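Let the sequences and hints guide you as you build the complete structure.
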Amino acid sequence: MMVLVVGGSGSGKSAYAEQCLARLSAGRKKYYLATMQVFDREGREKVERHRKLRAGKGFLTIEQPASICRALEKMEAGSAALLECMSNLTANEMFSEDPPRHWEAVTDQIVRETGLLNRGLESLVIVTNNVFEDGILYDDTTMEYRKALGSVNERLAAMADRVVEVVVGIPLIVKERN
Amino acid sequence: MKLVIGGYAQGKLEFVQREDPARGGIVLDGKLCGIHELRGETVIVDHLHVWVRECLAGGGCPEEEIAAFVEGHPDCILISDEIGNGIVPVDPFEREYRERTGRILVELAGQAEEVVRVICGIGQKIK
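Going line by line, the protein sequences match chains A and B. At position 127 of the first sequence the residue is numbered 127 (the numbering used here), and the sequence of numbers has no breaks. To convert, count from 1 in the second sequence and add 178; that's the numbering used here.
These aren't lab readings, by the way, just hints derived from the structure by calculation. Note that the structure is predicted; figures quoted are calculated from it, not measured. All C-beta atoms, glycine included, are put in the ideal place defined by N, C-alpha and C. There may be inaccurate statements among the hints.
Straight-line Cα separation of at most 25 Å, DSS-like style, residue types lysine-lysine; simulated pairs [as the list claims (entries may be wrong)]:
#	chain 1	residue 1	chain 2	residue 2
1	A	LYS175	B	LYS303
2	B	LYS180	B	LYS209
3	B	LYS180	B	LYS303
4	B	LYS305	A	LYS175
5	A	LYS52	A	LYS30
6	A	LYS29	A	LYS57
Covered, in the sense of this in silico footprint (three residues per stretch, anywhere, with C-beta under 8 Å from a C-beta of chain B), are these stretches of chain A [unchecked claim]:
#	region
7	1-14
8	162-171
Written out as C-alpha cells, the structure is:
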C-alpha cells in the first residue's frame, strides 16, 4: 500500500501522514525516513518539532537525505515507513552537484528508487509539498527544481494506491484505487 | 465559527455574502475588533492572513489574539488566503509568516463548525 500525501507549508500534512501510517502499520515495525539536511538553527528547530510530533509513537528514524532506496538496507523487510519529504529529497539529489543535475535525471532516479523502496515494504506513506501555486517566476534553477518536483509528484501519484491532499489539516482524497 | 479559505482573488468574500444574504454581517478588512465590540453581530473578518502578517511584523502573538477574538465572537466568519503552496521563501520573516499562518488555519479549522474552500468563486465544504 502506497499513499502520497501532498500539502503546503503548515498544512498539517505531516501530522496526517503519521496517523495514516499508524493505521496501515498495525503490528509492523515503523520507520521514519528523514530526508532533511540540517544546516542551521531553523533546520534544527524544524527537526525538533517533528521529533516531538513523533515522540512515543514507536518510530525508528533513518536519516536518508539521498539515494532513498538504500534505506531498505537498514529496515526489516515487510515493514511500514513514512518518507518525509519529497521536496527535500528532490533538492538534495538535484543540488548534490554543481552545476545542478538535470531535472529529468533527478526525477527518473527518484521515481525508480521510490518504486524499489515501495516493493520492499508493506506500506509506504510519502509526504510531498505543493510548491506550485505562488504565481512567482523564479530563476531558471528554481523553475527546474519545481519541474522536477512536479514531475516526481505526478509519477508517484500514478504509482500510489491513494493520494491525499491536506488542506488546513483536513484530508481530501484525490485518488483512491479500488 | 466558520472558516473560508482559498487562493488569491477566488471570490471568497463574495461567496460568503452570496451564500447567506439575509444574515448580513459586518466586514472587517484585515483587522480584528475588541473582544467586547460588535457583540451579537455576525462579524466577517476578510484577509485574516494580512492581519496575521501585520501582527507578526509588530511583534505580536497572532495565535493568542485570534483565540481571544473567536471566544468573544463565536459566530464569526473568518476568511483567509491559502499562502503555503509555494517555494520556501528566502526571507526568514516570510517563512515564519507562511508557516505560522498555515498552523493558525489548521487550528481554526479544527475548531470550526464548517470549513469551506473557495476556488473560482465556488465553495466546497470540506468540513
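Note to self: Just to be careful, I want the Cα atoms of LYS29/A and LYS57/A compared with a cutoff of 25 Å; is the pair within it?
What the structure shows: Holds, because 11 Å separates the two Cα atoms, which is no more than 25 Å.
Next item on the list: Please work out if LYS180/B and LYS209/B have their alpha carbons no farther apart than 25 Å.
Entry: holds, 17 Å
Margin query: So is the region 162-171 of chain A in contact with chain B by the C-beta rule, three or more residues under 8 Å, or is the coverage claim wrong?
Written below: This one holds; 4 residues, not fewer than the three required, reach chain B with a Cβ under 8 Å.
Notebook entry, point to check: Between LYS180/B and LYS303/B, is the straight-line Cα distance small enough, at 25 Å or below?
Noted result: holds, 11 Å
Notebook entry, point to check: Is the Cα-Cα distance between LYS52/A and LYS30/A 25 Å or less?
Noted result: holds, 16 Å
Note to self: Using a Cβ cutoff of 8 Å, are there at least 3 residues of the region 1-14 of chain A near chain B, or does the coverage claim fail?
What the structure shows: holds (count 6)
Next item on the list: Quickly compare the C-alpha distance for LYS175/A and LYS303/B to 25 Å and report which way the hint goes.
Entry: holds, 18 Å
Check: Are the Cα positions of LYS305/B and LYS175/A separated by 25 Å at most?
Finding: Distance ~19 Å between LYS305/B and LYS175/A Cα, so the pair holds.
In summary, the structure agrees with every hint in the numbered list given earlier.
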